[in-house]
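Student: Work the whole structure out from these sequences, hints included.
Position 135 of the sequence shown, counting from 1, maps to 392 under my numbering, and the rest follow consecutively.
If you're looking for bench data, these hints aren't it; they were derived computationally from the structure.
Computed from a prediction, not measured in an experiment: that's the story for all the values here.
Check the hints yourself; a few may be wrong.
[Claimed, not checked] Here are the simulated lysine-lysine pairs, DSS-like style, with alpha carbons at most 27 Å apart:
| # | residue 1 | residue 2 |
| --- | --- | --- |
| 1 | K269 | K307 |
| 2 | K374 | K468 |
| 3 | K273 | K262 |
| 4 | K316 | K273 |
| 5 | K517 | K375 |
| 6 | K468 | K307 |
| 7 | K307 | K409 |
| 8 | K307 | K340 |
| 9 | K409 | K316 |
| 10 | K262 | K316 |
| 11 | K501 | K468 |
| 12 | K273 | K340 |
| 13 | K340 | K265 |
| 14 | K281 | K265 |
| 15 | K501 | K307 |
[Unchecked claim] Here are the computed distance ranges between Cβ atoms for each label pair:
| # | residue 1 | residue 2 | range |
| --- | --- | --- | --- |
| 16 | T514 | D326 | 22 to 30 Å |
| 17 | K265 | G306 | 29 to 37 Å |
| 18 | H283 | M459 | 41 to 49 Å |
| 19 | N336 | G480 | 38 to 46 Å |
| 20 | K340 | T514 | 36 to 44 Å |
| 21 | A277 | E297 | 21 to 29 Å |
| 22 | D511 | E350 | 39 to 47 Å |
| 23 | N521 | T499 | 38 to 46 Å |
| 24 | S284 | I477 | 22 to 30 Å |
| 25 | K281 | N521 | 41 to 49 Å |
| 26 | Q282 | D511 | 55 to 63 Å |
We put the beta carbon where it would ideally sit given N, CA and C, even for glycine.
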Amino acid sequence: MLASKINKLWDKFQQKSLDADDLKQHSTINEVIEMLNLGEIRVAENNAGKWTVNEWVKKAILLYFAESDNQVMHSSLGNYYDKIALKFHEWEEQDFEEAGFRVVPGAIVRHGAYIAKKSVIMPSFINIGAYIDTGTMVDTWATVGSCAQIGKNCHISGGTGIGGVLEPLQANPVIIEDNCFIGARSEIAEGVIIGTGSVISMGVFIGASTKIINNMTGEITYGYVPPFSVVIPGVINEGNFTSKAAAIIIKTVDEKTRSKVSINELLRM
Numbered sequence: 258m259l260a261s262k263i264n265k266l267w268d269k270f271q272q273k274s275l276d277a278d279d280l281k282q283h284s285t286i287n288e289v290i291e292m293l294n295l296g297e298i299r300v301a302e303n304n305a306g307k308w309t310v311n312e313w314v315k316k317a318i319l320l321y322f323a324e325s326d327n328q329v330m331h332s333s334l335g336n337y338y339d340k341i342a343l344k345f346h347e348w349e350e351q352d353f354e355e356a357g358f359r360v361v362p363g364a365i366v367r368h369g370a371y372i373a374k375k376s377v378i379m380p381s382f383i384n385i386g387a388y389i390d391t392g393t394m395v396d397t398w399a400t401v402g403s404c405a406q407i408g409k410n411c412h413i414s415g416g417t418g419i420g421g422v423l424e425p426l427q428a429n430p431v432i433i434e435d436n437c438f439i440g441a442r443s444e445i446a447e448g449v450i451i452g453t454g455s456v457i458s459m460g461v462f463i464g465a466s467t468k469i470i471n472n473m474t475g476e477i478t479y480g481y482v483p484p485f486s487v488v489i490p491g492v493i494n495e496g497n498f499t500s501k502a503a504a505i506i507i508k509t510v511d512e513k514t515r516s517k518v519s520i521n522e523l524l525r526m
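Tutor: Printed below as a string of structure tokens:
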């Protein structure tokens with residue numbers, strides 16, 4: 258089992274009985290990264306409505322960094338000096354046709370990230386371990402962090418930040434479930450889950466410690482936006498003339514909201 262092999266390598270590396278040169282002898286790490294690149298495995302999976310994190314896959318990514326040497330990488334956009342190649346650095350027209358998604362000049366996608374068919378990648382950055390599902394658009398200057406999981410038919414608006422897990426090291430990746438709209442310049446980080454069909458307004462910042470206030474019930478939660486929520490930025494009074502940023506659920510998604518944020522199938526043909 259790959260998971261067992263990676264866990265053993267991780268333990269030995271942590272105990273310093275293996276160093277970076279020793280890791281180069283183990284093809285298992287590269288095998289896992291290639292499977293991530295092809296979407297055959299992922300860092301987190303939804304089983305019967307519950308998300309499960311595959312910790313061993315995260316360990317494989319960290320071991321990949323440890324075993325890889327920096328090297329000069331050439332592209333039409335310039336030269337790079339990094340450990341991880343770009344996803345498309347050896348792709349030809351046939352590779353793009355078979356992959357079935359569209360990628361615009363200026364987009365940077367690292368090897369080990371997966372992009373499904375009918376997706377559109379504008380000039381943005383997508384890190385290793387990320388999973389972009391079918392029909393999703395990652396708009397201009399958005400960043401999708403390491404291991405982030407983006408569902409089907411989502412729109413990640415311009416300048417949005419989807420946090421990663423590798424630095425600072427986080428337990429759980431950010432998860433954006435199917436049919437979500439994340440507004441421009443918003444930031445979703447620290448393992449927050451955005452439930453199916455939710456609409457996050459422009460400029461909303463949600464981390465693990467951000468209070469998520471349901472304006473209809475008064476309930477306060479952390480780290481999870483329920484399905485079909487409409488969320489706007491807000492503040493909560495902390496007393497002593499101070500206030501803290503909060504995310505406010507103002508309503509559930511209705512037809513009027515959906516019509517404003519519906520995806521354009523013409524862009525995904």
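Student: Check each numbered hint from earlier against the structure, then list the numbers of those it violates in ascending order.
Tutor: 1, 2, 8, 15, 16 and 24
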